[in-house]
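Given the sequences, and given the hints that come with them, work out the whole structure.
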Amino acid sequence: MRKGHLGIFVLFLYVLTTFVYAEPPEVRFFNWSDYLPEELLERFTAETGIRVRYSTYDSNEAMYAKIKLLQGKGYDLAMPSTYYVDKMRKEGLLHPLDKAKLPGFKNLDPRRLDQPFDPGNVYSIPYLWGTTGIAVNVHRIDPAKVQAWADLWRPEFRRGLLLPNDMREVFFVGLRTLGYSGNSTDPRHLREAYEKLRQLMPNVRLFNSDSPQMLYVTGEVDAGMIWNGNAYRAHQEDPNLRYVYPEEGCLLWMDNLVIPKGAEHLANAHKLIDFLLRPEIGKLIAEKLAYASPNAEAVKLIDPKLRNDPVIYPPDEWLRNGEYTIDVGAAITLYAEYWERLKAGE
Amino acid sequence: MRNLKLFKLGSIGLLPLWLGLFTLLPTLLVAVVSFLRRDETGLIALAPTFDNYARLLDPIYLKVFGHSLWMAGVATLLSLAAAYPFAYLLSRVRPAWRPVLLTLVVVPFWTNSLVRIYAIRSLLAAKGAMNDVLLALGLIHEPVRLLYTDTAVTLGLVYVLLPFMILPIYSSFEKLDQKLIEAASDLGADRLDTFWHVIVPLTAPGIAAGSLLVFLPALGMFYVTDVLGGARDLLIGNFLKDQFLDARDWPFGAAASLIIIALLFLLLELYVLSRRWLNPGERLDA
Numbered sequence: 206m207r208k209g210h211l212g213i214f215v216l217f218l219y220v221l222t223t224f225v226y227a228e229p230p231e232v233r234f235f236n237w238s239d240y241l242p243e244e245l246l247e248r249f250t251a252e253t254g255i256r257v258r259y260s261t262y263d264s265n266e267a268m269y270a271k272i273k274l275l276q277g278k279g280y281d282l283a284m285p286s287t288y289y290v291d292k293m294r295k296e297g298l299l300h301p302l303d304k305a306k307l308p309g310f311k312n313l314d315p316r317r318l319d320q321p322f323d324p325g326n327v328y329s330i331p332y333l334w335g336t337t338g339i340a341v342n343v344h345r346i347d348p349a350k351v352q353a354w355a356d357l358w359r360p361e362f363r364r365g366l367l368l369p370n371d372m373r374e375v376f377f378v379g380l381r382t383l384g385y386s387g388n389s390t391d392p393r394h395l396r397e398a399y400e401k402l403r404q405l406m407p408n409v410r411l412f413n414s415d416s417p418q419m420l421y422v423t424g425e426v427d428a429g430m431i432w433n434g435n436a437y438r439a440h441q442e443d444p445n446l447r448y449v450y451p452e453e454g455c456l457l458w459m460d461n462l463v464i465p466k467g468a469e470h471l472a473n474a475h476k477l478i479d480f481l482l483r484p485e486i487g488k489l490i491a492e493k494l495a496y497a498s499p500n501a502e503a504v505k506l507i508d509p510k511l512r513n514d515p516v517i518y519p520p521d522e523w524l525r526n527g528e529y530t531i532d533v534g535a536a537i538t539l540y541a542e543y544w545e546r547l548k549a550g551e
Numbered sequence: 006m007r008n009l010k011l012f013k014l015g016s017i018g019l020l021p022l023w024l025g026l027f028t029l030l031p032t033l034l035v036a037v038v039s040f041l042r043r044d045e046t047g048l049i050a051l052a053p054t055f056d057n058y059a060r061l062l063d064p065i066y067l068k069v070f071g072h073s074l075w076m077a078g079v080a081t082l083l084s085l086a087a088a089y090p091f092a093y094l095l096s097r098v099r100p101a102w103r104p105v106l107l108t109l110v111v112v113p114f115w116t117n118s119l120v121r122i123y124a125i126r127s128l129l130a131a132k133g134a135m136n137d138v139l140l141a142l143g144l145i146h147e148p149v150r151l152l153y154t155d156t157a158v159t160l161g162l163v164y165v166l167l168p169f170m171i172l173p174i175y176s177s178f179e180k181l182d183q184k185l186i187e188a189a190s191d192l193g194a195d196r197l198d199t200f201w202h203v204i205v206p207l208t209a210p211g212i213a214a215g216s217l218l219v220f221l222p223a224l225g226m227f228y229v230t231d232v233l234g235g236a237r238d239l240l241i242g243n244f245l246k247d248q249f250l251d252a253r254d255w256p257f258g259a260a261a262s263l264i265i266i267a268l269l270f271l272l273l274e275l276y277v278l279s280r281r282w283l284n285p286g287e288r289l290d291a
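Those protein sequence lines, which keep their order, are chains A and B. Everything in the first sequence is counted per this note's numbering, starting at 206 for the first residue and increasing by one. Everything in the second sequence is counted per this note's numbering, starting at 6 for the first residue and increasing by one.
Hints are all accurate, no fakes.
Cross-link-like lysine to any residue pairs, in silico, SDA-like; alpha carbons within 20 angstroms at most:
no.: 1; chain 1: A; residue 1: Lys273; chain 2: B; residue 2: Val35
no.: 2; chain 1: A; residue 1: Lys271; chain 2: B; residue 2: Leu34
no.: 3; chain 1: B; residue 1: Lys68; chain 2: A; residue 2: Glu400
no.: 4; chain 1: B; residue 1: Lys132; chain 2: A; residue 2: Ser416
no.: 5; chain 1: B; residue 1: Lys246; chain 2: A; residue 2: Ala541
no.: 6; chain 1: B; residue 1: Lys246; chain 2: A; residue 2: Ala267
no.: 7; chain 1: B; residue 1: Lys132; chain 2: A; residue 2: Asp443
no.: 8; chain 1: B; residue 1: Lys246; chain 2: A; residue 2: Ala536
no.: 9; chain 1: A; residue 1: Lys271; chain 2: B; residue 2: Asp44
no.: 10; chain 1: A; residue 1: Lys271; chain 2: B; residue 2: Pro31
Rather than coming from a laboratory, the hints here were simulated on the basis of the structure. Source: prediction; values computed, not measured.
Here's what the structure looks like:
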């Protein structure tokens, strides 16, 4: 009698543990640092009972190396930029998304969907997007003189520019100034872009991607490249700082939610994506971080002061020549080699 | 009794185990990878090659290495120039004062060096303390741009690494026998002669040890050039970081790291040889 009870009890425990094991109430989220108000995660847990194990990174490369080495296991959600979505999907590191589990997908602005780095958004959901353009301090430089990337070569900028410490962004400028695609893999184009950028080096005071707006605000540099969200924040601190959409076309970037191939909590990952797609959540994120939301329903809720700022939400025609960075495959070694040559002053 | 034996075995065994697992094994892995090929999708391909080493001979990389060696060399010489008189004075002050002064040398180590480098950046910034002082004194009328120059990088390297120079030289000065200096002057040597022929040779082990301890880390401190040099200059450390992270060329990065390790061993070997040559009777382990 007792034995029988014990048997049933053990069986019950076994069923329970396998059930729990199949889908423990957690989701492992690997995100850029300072890229999500963490109280939102607490809200998600309070609502769904799913615990979020949150960890952060500060470069696409670091995120990619971890996911690659773990063969897509270990994380349920990550946030690559466009060219890494492209690379990871081509390498089979991503899990296709189940749109049926994402009712919030319809909130997204069609203009931000179906881009060359992930046609049809099979693997990725846009989270925030923005542009890289030119920042100029009108206190020191006449803004009329800075309308295009090519203006950065002007002699008055000698030792006065800030460029991001990112070879793809810097080569984008060289390539677009020459009229080529910012994603060119043609060795001839890259060679020319390198020659062009070499002439820019005397104007470059520093490369920095950590806190560029601070360097503009404290007067270390007169002009240079900047992300529009940083430019917006810098402008709040120093109204002399202006953001320019360059004539040749700005660089477009977007960070996207993806599910790595080996994710163990698929259902929870979809729940978290759908939570982030809610208009009121999208609004909180976009207002807190001052980058543009790809969520059309969320944008409607955003403070009009931010929503109507053309630095963050530019009219479509300003973006016409804009270009997303996509993966350049093996040509990356050529980029790296020219990048080192530039920095070594060859 | 048995416990003590176990404790001894454990504490002696732990170190080789630790070093084997976390130093030797990773280094061997780096060595293996340096002879393989880069692979776009899998990071490394199992195809043996010497290409990675051949590529390092490209003039551009030689230039990066040369520049790095030059910067590290300048930082070493400046540290030496600052540390030598300081260590001498330290060994001459009243014994009661020495622990206090030594502590002051070591105290900055309690703060992470990256944090201290950021502190230097805020001192040298256009709206930083240095410019504020210069402006207040009326020496300048516009803030001068001090950051993002070779000078700022050198200053940062010297600042971070100076204690590594001071401590070994101080220990040489402490051992310096005062009688030898008196003997030199009794035998008619003037102060300069005494310095060159008695004091310098006797403190040479400290100079050599200090120089090694400054020179080798200076080659790799990529964050100093990133923060104070505006990432315009490449040190070997920056180059390695770029290869592993941005270019994803692990084999090439691994080959370069092995060259650095080889350089390190070469310098250590020179150090040992120089000590034997300077002090034939001395045993290193004594």
